[in-house]
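Novice: Chain by chain, the residues:
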Amino acid sequence: MIVELGHFALILAFAVALVQSVVPLVGAHRGWGDWMAAARPMASAQFALIAVSFAALTWAFVTSDFSVALVVDNSHTAKPMIYKISGVWGNHEGSLLLWVLILTLFGACAAWFGGNLPATLQARVLAVQSSIAAAFMAFTIFTSNPFWRTSFPPFDGRDLNPLLQDPGLALHPPFLYLGYVGLSLAFSFAVAALIEGRVDAAWGRWVRPWTLAAWVFLTIGIALGSWWAYYELGWGGFWFWDPVENASLMPWLFATALLHSAIVVEKRESLKAWTILLAILGFGFSLLGTFIVRSGLLTSVHAFATDPERGIWILMIFAFFMGGALMLFAWRGAAMEAKGVFATVSRESALVLNNVLLAVSSFVVFIGTMWPLVAEMFFDRVLTVGPPFFNMAFTPFFVALAVVLPVGAMLPWKRGNLGTPIRRLWGVGVLAIALGALTWTIQTGGSILAPIGVVLGIWVVIGAAADLWLRGGRGSPADRLRRMARLPRADWGKATAHAGLGVTMFAIAAMVGWETEDIRVAHIGQSFEHEGYTLTLTDVQRVQGPNFISTMAFVDVERDGRFIAELRPEKRVYPAAGMPTTEAAIDYGFFRDVYLALGDPQEGGGWALRTYIKPFANWLWAGCILMALGGLISLSDRRFRVAAGERRAPPQAHPAE
Amino acid sequence: MRALFLAIVLGLALPAAPAFAVQPDEILDDPDLERRARSISADLRCVVCRNESIDDSNAELARDMRLMVRERLVAGDTDAQVVNFLVERYGEYILLRPRSDGVNLILWVSAPVMLIAALGIAGVALRRRTATEKPLSPEEEARLRQILRD
Numbered sequence: 001m002i003v004e005l006g007h008f009a010l011i012l013a014f015a016v017a018l019v020q021s022v023v024p025l026v027g028a029h030r031g032w033g034d035w036m037a038a039a040r041p042m043a044s045a046q047f048a049l050i051a052v053s054f055a056a057l058t059w060a061f062v063t064s065d066f067s068v069a070l071v072v073d074n075s076h077t078a079k080p081m082i083y084k085i086s087g088v089w090g091n092h093e094g095s096l097l098l099w100v101l102i103l104t105l106f107g108a109c110a111a112w113f114g115g116n117l118p119a120t121l122q123a124r125v126l127a128v129q130s131s132i133a134a135a136f137m138a139f140t141i142f143t144s145n146p147f148w149r150t151s152f153p154p155f156d157g158r159d160l161n162p163l164l165q166d167p168g169l170a171l172h173p174p175f176l177y178l179g180y181v182g183l184s185l186a187f188s189f190a191v192a193a194l195i196e197g198r199v200d201a202a203w204g205r206w207v208r209p210w211t212l213a214a215w216v217f218l219t220i221g222i223a224l225g226s227w228w229a230y231y232e233l234g235w236g237g238f239w240f241w242d243p244v245e246n247a248s249l250m251p252w253l254f255a256t257a258l259l260h261s262a263i264v265v266e267k268r269e270s271l272k273a274w275t276i277l278l279a280i281l282g283f284g285f286s287l288l289g290t291f292i293v294r295s296g297l298l299t300s301v302h303a304f305a306t307d308p309e310r311g312i313w314i315l316m317i318f319a320f321f322m323g324g325a326l327m328l329f330a331w332r333g334a335a336m337e338a339k340g341v342f343a344t345v346s347r348e349s350a351l352v353l354n355n356v357l358l359a360v361s362s363f364v365v366f367i368g369t370m371w372p373l374v375a376e377m378f379f380d381r382v383l384t385v386g387p388p389f390f391n392m393a394f395t396p397f398f399v400a401l402a403v404v405l406p407v408g409a410m411l412p413w414k415r416g417n418l419g420t421p422i423r424r425l426w427g428v429g430v431l432a433i434a435l436g437a438l439t440w441t442i443q444t445g446g447s448i449l450a451p452i453g454v455v456l457g458i459w460v461v462i463g464a465a466a467d468l469w470l471r472g473g474r475g476s477p478a479d480r481l482r483r484m485a486r487l488p489r490a491d492w493g494k495a496t497a498h499a500g501l502g503v504t505m506f507a508i509a510a511m512v513g514w515e516t517e518d519i520r521v522a523h524i525g526q527s528f529e530h531e532g533y534t535l536t537l538t539d540v541q542r543v544q545g546p547n548f549i550s551t552m553a554f555v556d557v558e559r560d561g562r563f564i565a566e567l568r569p570e571k572r573v574y575p576a577a578g579m580p581t582t583e584a585a586i587d588y589g590f591f592r593d594v595y596l597a598l599g600d601p602q603e604g605g606g607w608a609l610r611t612y613i614k615p616f617a618n619w620l621w622a623g624c625i626l627m628a629l630g631g632l633i634s635l636s637d638r639r640f641r642v643a644a645g646e647r648r649a650p651p652q653a654h655p656a657e
Numbered sequence: 658m659r660a661l662f663l664a665i666v667l668g669l670a671l672p673a674a675p676a677f678a679v680q681p682d683e684i685l686d687d688p689d690l691e692r693r694a695r696s697i698s699a700d701l702r703c704v705v706c707r708n709e710s711i712d713d714s715n716a717e718l719a720r721d722m723r724l725m726v727r728e729r730l731v732a733g734d735t736d737a738q739v740v741n742f743l744v745e746r747y748g749e750y751i752l753l754r755p756r757s758d759g760v761n762l763i764l765w766v767s768a769p770v771m772l773i774a775a776l777g778i779a780g781v782a783l784r785r786r787t788a789t790e791k792p793l794s795p796e797e798e799a800r801l802r803q804i805l806r807d
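Line order of the protein sequences matches chains P and Y.
Per the numbering used here, the very first residue in the first sequence carries number 1; after that it's consecutive.
Per the numbering used here, the very first residue in the second sequence carries number 658; after that it's consecutive.
In short, the hints are calculated from the structure, not lab data.
For every residue, glycine included, the Cβ atom is placed at its ideal position computed from N, Cα and C.
There could be a bad hint or two in this list.
[Claimed, not checked] A few chain Y residues that face chain P, going by a derived Cβ cut-off under 10 Å, partial list only: (1) Y750; (2) G759; (3) S767; (4) L805.
[Unchecked claim] Beta-carbon label-pair distances, calculated as ranges: (5) P:A343 x Y:R802: 24 to 34 Å; (6) P:L481 x Y:P769: 42 to 52 Å; (7) P:A48 x Y:S696: 50 to 60 Å.
Pulled out of the complex, with its shape left as it was, chain Y reads as follows (with noise of 0.2 Å):
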């Protein structure tokens, strides 16, 4: 992958490689199986790319992976079998979308926790702000008193 290693090497903001991804006779005759499978491979990882599903990749061996998913299906398994099937095979590297236990609980709690914290620290900053702005003591009423009388 000659293509992602120059990318990163330019620092450019620009992703893999040109695709031609699911092949026609890839595609399942039941439409409803078909339209699983696409939305299962759409969240798994190509391992031998950078980055792309194998949904998007036009690797051999994303090839595969597609092929195994389309027959894990036909066979009737659901959603979660399949990927299950998969991941044994290659690993949870493979889950685009990170599972959620163990440590990953710090990533995904991690956008909730960070916008609280930030808006409790905006909201007492403000606060703070606010009641800088402190009523007149008797000496300076009194003395507006005496600036308004003048």
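So that you can see chain P by itself, here it is in the shape it has in the complex (with noise of 0.2 Å):
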């Protein structure tokens, strides 16, 4: 009854998306106040009914219904209850209703937050993220019902891949999808705008929280995504370019863009045609992230052809939203009128080659994971473009990024010259290249990649704090701590997220350079030693646990004689979905992480056992929450509190700057 109850809830929110997709806007054009008032409640109830839906297939999760053909593919009673409420969004109809449930919230917190737009923008911005959320109710309920019963409900169900099984992986798809999401509302505000005719400061003040918030999300679901893949897939990678991941990649880059160039709309009411067709991108490659990954085109052509209803639909929503803004783009863009002038040396110039630097990369990215498919399509040629591709074509633009990023974010608006910020930047550079050429003599030959990443990670961290410290002025540090503590947030907000930026780049090249590794035949009782640690495996185990077998080693870490942890490495088999999977153990360090993983027993007795020292791997996931950090606090910043919804003619001036 509770499962109809959340079927028919989805249904009655298609429908109120058809109308809050049609009626705000007649409204607006028509400038019918009642109509356009309508958009707010519907919005309201869009998201009542869709969490009603979604609570109802939780609930059924929950209670194992297994009448429900989902729970039943997807869930299991032996199993935990965080990973029984995980399984709801485990599996394409679940997380698609998750999709759901974001894109009325978002929808919801426009109509909440947004009394200060102007009614008309207002209206048509929930229309259109209606009919985002229209298109998509109607994709799950005619392609992928969440809410199918079976008719001969079995025992038990046949669990959820135990891969997924996993804290890390619980919360990363909901983080993720708020980012993919989020870059929905930016959108709507874009088509918006251009029905509108007019961009101005406000406008970009308006969309920029939105995007800090769906670029805060998408952050901490991507690095959540590598923290997993880190400790889940027995040997300690974190980013494998693997088509799935690119297609987070590529709108985390173009948020990125957005966030910056939306600055410059809010402050210097420039780059205001190249912001909207920003925001357009971002989702646009979010929606195209989603048909990739759903229809299973990217890792062979002919999985396409097993469920063609499921990627033809998502090829249809795309192409109907990203066809009908361009469309609309190259109809009214031309009318957005930049008003700022500004030089070729300016903060505005520097924020430019930033969108240049993360546009090109995106589509960089972009090109490599379609590659395969369009040579194997139109030449015939069967091929793989996998890590030596990408590392090599997409690394250099974040080494030129974080080349110009401390001089670019020291630079003023408008004009500006070079000369200032090299002539306070120079101690910087000289410290941060004096720290490299002694670590490239430090370390007895290996890769030049770590020592560039200690020169661009000391670059761009003291860079960041240089800035800061700058614009306490002069006088005592006493005086500029104390002017620093004032400055806006949106200040703090940028050093922290800049130097998360560093601390991430530093870290994945020392990981990368660094890292040793150990594969042996380990026997019990015996000790062996790597890097300074000495090892000893002391026994194996056999371990039942809620719903998996586990063969459980028992490894004494030891240096220079003293106890550091006892690790207990994993090969865990789970009966219900037939599938092994490895636990690597890890002594987390604020150095270094040593890393187990436990293989198969040998012939002749003995276990395989690979050790891995991987030096600094933590600091890769701090940067990555620095980042976060920063977006967070700059979304707290004043100017997003208070008086955010006044349309002022003329930007306000930036003291100091």
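Relying on the hints, combine the two individually framed chains into one complex.
Specialist: Here is the structure:
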């Protein structure tokens, strides 16, 4: 009964979404206030209905209602409660419902917190947002309905994919979707502005918090996925340039670009058309990512034929929204005339360079991801584009970004000269290069990668700190600190996020450049040395888990006779799903992780055991957290909380710049 | 490979299945040859896996390919000969670093070409924007002088 209620709520929400995507548009066009005002309660109603629907599906999972086909396929009574809940979105149908839930949540937020928007703009934003929701609800109802019952309920379910039974991965999809879908609101704002024919500083100010929020979620989502790969896959890789990963990286790159160009719109009323285009492309790549991963198009062209219906639906949704928005852009985009002029050397130009690097790097990822498909379809060459290509083609863009970042961040708006920031930063540059050279001499042989990472990391992190310090003005350090504390939170957010990027870049380089590996057959009771650590395999046992059987090794880790940790790497078998997984054991440390993965028992006794020392591994995700934190600090800036809604004719001059 | 199928279906940003790749018994005694073997196998794709190199994959076939790489190395082949040997058997598909011949040239030059094009477009747009800041016309100059005099 509850399941049918959820099903019904979903259908009802679809009806509301259809009405909401038409009525407010007509109202805004004709100037009918009540038609426009209808958008707000409808947005709330849509969200409430989908929330009911989602709750009903969750209920079915929590109570293990095996009369629902989806629950049978993705749940099991013995599964821990948290994974019963995460099982709701651990499959195609349920994750689509989550997608719709978040879509309507953002729509409702635009209704609740958008009271200061002009009535016509808000009506149009809500209508566009609702049309996206309607398309995805139709997709859910007609091709991927999560509420279908089975005629013969089985005694127990088939269990969720064991790889997904993990705390990191339970949270990964919601965050990722909050990011993907959050970009839909930037898209709706862009389309609404094109319909209005007006983009100004106030528009930039409204669209930026939503983009920032989406970006923060996307950053966390990607970091969670990468962290999961690190500890779950058994050899500590964190990024594989897999099509599904690329599908999340491309929107992230566009969101980052959009974030920066929206600042120019907000502060200088420039780059308007470009910002609109970025907002459209950002969500476009989210949709494209969804299409790529859900149609199975990229793994094999033939997988596409196994479920052509779903792929074609998403392709149609993509074509409709992208085609429509881009046509509208071609028609109205030229009308977005820039007001603020700026010189070739200025903060604006630096942000243009940032946008060029980010957008082009995203297109590089796009081409690399799609190339096997293109080559097979048009040139009859079956080939692979793998990590070596992406590392080579993509990395230079981020190196370039890191090099220009501290300088660009210090340039004044409108007109500047390169001399000032270079004079202020040369000390940081010398320090970075000196420490990089020192690292290069200390490390015996090894790749040049890690020293470069050191140089870039220090340059970006200290550069961000120096920016804040210099913003503190002249005077005693105490005065400076006081003034720094009073800087807008947006400045702190900016410095934090930039420093986070520096930390992550350093960590990636350090981990790739300095990681060491040891593969051997370990015998119970025997010790071996690796990188100054003494590891002893003390025992291997079979352990029964709630819904799995584990082979668990017990390894004592010591250094210089001092006990550090007992690590327990495991191999698990999930009988219901019939799948093995490895569970690496990691001793997390500030400067290094000791990473152990257990392999198979060997003929003639002993177990295969892999030991890695991963330097600065935690710094990678700490950097991502810093980036997200920077976004959050920026989001709490006064100008988004107070008077965010006023349209000012000229953009306010920014003090002390 | 149910795991990777699920990953596709779910649209998650997660890669392939758990791996326990290079087995202790595969490792060559000569550390130099072993290092070469590792670096060669990191660039070769396991044919039955999704986007995994044979160095990372725990599939049976990947193990066969790794052993083949080591056999050829022990037999005295150069790195390029080893790679060609495997490509002849399994096809271009196994190269994670795509070749830069024929149409693949498009792939390899795309990054620099797009960057140059984007910088060019941005540069022209910026110049045009700066150019809109026209000097004052004689009438405007006169008007300005008048205002300043007042």
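Novice: Check the following: the C-beta atoms of L481 of chain P and P769 of chain Y are separated by a distance inside 42 to 52 Å.
Specialist: Between L481 of chain P and P769 of chain Y, where Cβ atoms are some 45 Å apart, the hint holds.
Novice: For the restraint on L805 of chain Y, tell me whether the closest CB of chain P is nearer than 10 Å.
Specialist: violated (22 Å)
Novice: Holds or violated: the hint that S767 of chain Y contacts chain P, with Cβ atoms closer than 10 Å.
Specialist: holds (5 Å)
Novice: Go ahead and decide if the range 50 to 60 Å is satisfied by the Cβ distance of A48 of chain P to S696 of chain Y.
Specialist: Check passed, 57 Å falls within 50 to 60 Å.
Novice: Are Y750 of chain Y and chain P close enough, Cβ to Cβ, to be under 10 Å, as the hint says?
Specialist: Hint holds; Y750 of chain Y Cβ to chain P Cβ min 5 Å, cut 10 Å.
Novice: Lying within 24 to 34 Å: is that true of the beta-carbon distance A343 of chain P to R802 of chain Y?
Specialist: holds (26 Å)
Novice: Restraint: G759 of chain Y near chain P, CB-CB cut 10 Å. Satisfied or not?
Specialist: holds (8 Å)
Checked against the numbered hints above, the structure breaks only hint 4 and satisfies the rest.
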